[in-house]
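Chemist: Based on the provided sequences and hints, a complete structural model is requested.
So the number in my numbering is just where the residue sits in the first sequence, counting from 1, plus 473.
Just so you know, these hints were derived from the structure itself, not from any lab.
It is possible that some hints are incorrect.
In silico DSSO-like links for lysine-lysine, alpha-carbon gap of 27 angstroms or less [to be verified]:
1. Lys852 - Lys931
2. Lys663 - Lys690
3. Lys678 - Lys690
4. Lys931 - Lys910
5. Lys663 - Lys685
6. Lys899 - Lys938
7. Lys664 - Lys910
8. Lys910 - Lys938
9. Lys870 - Lys852
10. Lys989 - Lys508
11. Lys681 - Lys698
12. Lys852 - Lys813
13. Lys813 - Lys663
14. Lys678 - Lys749
15. Lys823 - Lys749
16. Lys698 - Lys664
17. Lys823 - Lys761
18. Lys823 - Lys868
19. Lys989 - Lys899
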Amino acid sequence: MSIDNIISDAVSRAVGSLYSLDCKPDDVVLQATRKDFEGDTTVVVFPWVKAARKSPVTVATEIGDFLVENEKAVKSYNAVGGFLNIVIEPLYWNSVLDHITSTDNYGKIEATENSPLVMVEYSSPNTNKPLHLGHVRNNLLGYSLSQILKACGNRVIKTNIVNDRGIHICKSMLAWKHWGEGITPEKAGKKGDHLIGDFYVLFDKHYKAEVKELMDKGMSEDEAKNQAPLMLEAREMLRRWEQKDPEVRQLWEMMNSWVYAGFDATYCRLGVDFDKIYYESDTYLEGKEKVLEGLEKGIMYRREDGSVWADLTDAGLDHKLLLRSDGTSVYMTQDIGTAKLRYQDYPIDKMIYVVGNEQNYHFQVLSLLLDRLGFKWGKDLVHFSYGMVELPEGKMKSREGTVVDADDLMDEMVNTARSVSSDLGKLDGLSTEEIEKVCETIGLGALKYFLLKVDPRKNMTFNPKESIDFNGNTGPFIQYTYARICSVMRRATDAGMTIGDYSQVIPGPRETALIKRLADYPAVVAQAGNEYSPAQVANYVYDLVKTYNQFYHDCSITGEADEAVRSLRLRLSDQTARVIASALDLLGIGVVQRM
RNA sequence: ACUUCCGUAGCUCAGCGGAAUAGAGCAUCCCACUUCUAAUGGGACGGUCGCAGGUUCGAUUCCUGCCGGAAGUACCA
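Modeler: In C-alpha cells form, the structure reads like this:
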C-alpha cells in the first residue's frame, strides 16, 4: 500500500468520525507539500469545510490531531489555511523502500490468460518510399505504448498493416521498367526501400514533364494530369495487378521484397517489432465482402451509379463512400477488411490504432462503421492520434526535399553521439565493439527520448541540434545517470561492500525525496497505460534522475560512512538504477553500464 | 463555411479529475571540481498561463464567445 493510500484512507476515516460525513479515500485530494512548508504530503481540506461548519484551519487541525493519534505513519502536522501538511514518520520511509525492493517486477503487472487482449497497430508504411521522421514518431509511440500496456497487465499484440497495393506502387514499378530494368538493391548498393523511393521520385519527375507538355498544348491541368501517358500506363498496370497478371505480380513481389528487407533493417535498428503483419493486398477484398453484407442488412445503401455509401448523418457525420461505382475498394473499405481478418485471427478485446491526427475523421467513421457491422470492439476502438513532426525551418515537404529520412537520421544521431562522447573522453579504454554499442544506444536514446517526451497529441518541433544536446531533459542525461550508478555499484562490490540493515537510519530530505519518487513508479505506469501516454513515463524518469542527482551530489555513497547509512544509500542507488532501466525499457530506450 | 486539435518564460516542453507565491530544460549571468563518471549541483534573470465573459469562497485547469495556428471535411491512400 502506498503512502498516499494510507493517508487517504486515514483521512477518510477521520472525516467520517469527526464530521459524520461519507468520504471515500478516493475523494481525498493530496498534493506534494510546497517546499517552504514542513511536511511530506498535503491534504486539501476545503471540501469538508462547509459541511463541518468550521473554519478551514480548525478542520485541518482536527483532522491532523486525529491522524497523529490513529495513524502511526503520521509523525506530526501543521495546518496552514485549508492545507494540512503532514510529516511522515521518517523511519517509515525505509520500510517503503524495503517494500519496493522486495517487489518482483516492480511497477509492472504480469498478464494472465484472462487479461484483456489488446491489439496495437502502428507503423503502417507505404511500400513506395523509405520511412521518414514522421514514421519514426509513429513507430516509437506504438512500440512504447505496447510496452506500457504490457506493463499494465494486458496481453498485447503488435501489428502492422502494410499498404502494399495501389496506384503508388505501380508508379515505382513502372519507373523501374522504364528507366531501371535490371537494377537491384545489390547492384545499386542501396537499401531496397530507398531504391524504390528513388524510382517513385523518378516517375513523378517524368510525369510532371508530361503534364506540363500537355498543358503547353492547351490542355487544362486536370485533364493533363489524367491524360498523361505515364498515368494511363500506371492505371493499366493497376488493372493488370488486380487481374493477377503474372508478369505484373512477379515484378510487384520482387520489388516489395526489396522494400521489406529495407524496412526490416530500419525497424531492427529502431528496436521495434511486430507480432503479426497484415498486407492490404490480402485484406482489401475482405472489406468489400463485409460492405456488401452491410448493404444487405441495410446499414449501407447503393446509389444509382452503383457506388455504395453509409449514411452517418444521424451521428453528426457525413455520407461516406465505401465502394466506388466500378466496385473497387477505398481506404475505408480496406480498414474494414483488415478489422475482419484480425477479428478472425484473434479474440481481441480492444484495438488501438497509432495513426497521425490527420486521420481523426477517418477513425471516427471507422469506429461507427465497425460498430454497426457488429464488431464488439468497434465502438471503443482507440485512435491513438499524434501530431505532426515539424522542423525548425518548417514542415517537412517531400516536394521540397526537406523530408528527414529515418536511416539518415539514425546515422546522424549515432555519429554525433560518437563525436561528443569522444571529445569528452568518455570512450577511452573501451573496445571498438563497446564504443559502437555505446554510441548506438546513446544516439538512438537521444532521438527516442526527444520524440517521446512530448505529449503525443501535439505537433512538435524536432530540432536535431537540440536533441543531441546531452544536457537537460534528454535521453543521454538519463542514460548517463544510469551508467554512473552502475559505476558506483561496481565500486561498492569491488570494495566488498554489501547492503545490510538500514531500518534504523533516519533518512534525510534527499533520501526521502528519492524514496517518494521511487514509490510513485507503479502509479505512473498505471496512469500512462490508462491515458496512453509514453510522455508521462518519460517525464517521470527525468524527474527521478534529477532527484537522484541531487541526492548523489549531496552525499558520498561508497565513502567511509556508517555501515547502515551506506547500506541505505547503496540500496537507493541500486533501486534507482532498476527503475530507470525499467522505465526506459517502457520507452524502448536502451541503457549501457559504462559511458 | 463547417468539424476537431492546439495556444503556458526568448526557445523546447511539463502541469490542468479546480485549491497556498505557475514548474523544468535550453539560452544569459553568478557560485561550487584535493568528491564514488562535473554529460553535475546550487542560485539569479525570465510568465497579465492567446483575449473577453461566465460558474465557484477559489479558474492556467470547467463552460461560452472571439482571436491566432494546425489538420480534416475526395469515387487519394
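Chemist: None of the hints should be skipped; say for each whether it holds.
Modeler: For each hint, the structure was consulted:
1. Distance restraint check for Lys852 and Lys931: the Cα-Cα separation of roughly 24 angstroms lies within the 27 angstroms cut-off, and the hinted pair is therefore satisfied.
2. This hinted pair does not check out: Lys663 and Lys690 have alpha carbons roughly 39 angstroms apart, beyond 27 angstroms.
3. With a C-alpha separation of about 19 angstroms, the suggested pairing of Lys678 with Lys690 holds against the 27 angstroms cut-off.
4. Distance restraint check for Lys931 and Lys910: the Cα-Cα separation of roughly 32 angstroms exceeds the 27 angstroms cut-off, and the hinted pair is therefore not satisfied.
5. A distance of roughly 31 angstroms separates the Cα atoms of Lys663 and Lys685; the hinted pair therefore is violated under the 27 angstroms criterion.
6. Restraint check: the Cα-Cα separation between Lys899 and Lys938 comes to about 20 angstroms, which is no more than 27 angstroms; the hinted pair holds.
7. Taking the CA atoms of Lys664 and Lys910, the gap is about 22 angstroms. The hint holds against a cut of 27 angstroms.
8. As the CA atoms of Lys910 and Lys938 are separated by approximately 22 angstroms, the hinted pair is consistent with the 27 angstroms bound.
9. Between Lys870 and Lys852 the CA atoms are separated by roughly 35 angstroms; this puts the pair beyond 27 angstroms, and the hint is violated.
10. In summary, the hint linking Lys989 to Lys508 is supported, as the alpha carbons are separated by about 14 angstroms, within the 27 angstroms threshold.
11. As the CA atoms of Lys681 and Lys698 are separated by approximately 8 angstroms, the hinted pair is consistent with the 27 angstroms bound.
12. About 14 angstroms separates the Cα atoms of Lys852 and Lys813, which keeps this hinted pair within 27 angstroms; it holds.
13. Between Lys813 and Lys663 the CA atoms are separated by roughly 37 angstroms; this puts the pair beyond 27 angstroms, and the hint is violated.
14. Among the hinted pairs, Lys678 with Lys749 is inconsistent with the structure: their alpha-carbon atoms are about 36 angstroms apart, more than 27 angstroms.
15. About 16 angstroms separates the Cα atoms of Lys823 and Lys749, which keeps this hinted pair within 27 angstroms; it holds.
16. At roughly 31 angstroms between alpha-carbon atoms, Lys698 and Lys664 are farther apart than 27 angstroms, so this suggested pair is violated.
17. Proximity of Lys823 to Lys761 is assessed by CA-CA distance (about 23 angstroms); at most 27 angstroms being required, the pair is judged to hold.
18. For the hint linking Lys823 to Lys868, the alpha-carbon distance of about 34 angstroms lies beyond 27 angstroms, and the restraint is violated.
19. For the hint linking Lys989 to Lys899, the alpha-carbon distance of about 32 angstroms lies beyond 27 angstroms, and the restraint is violated.
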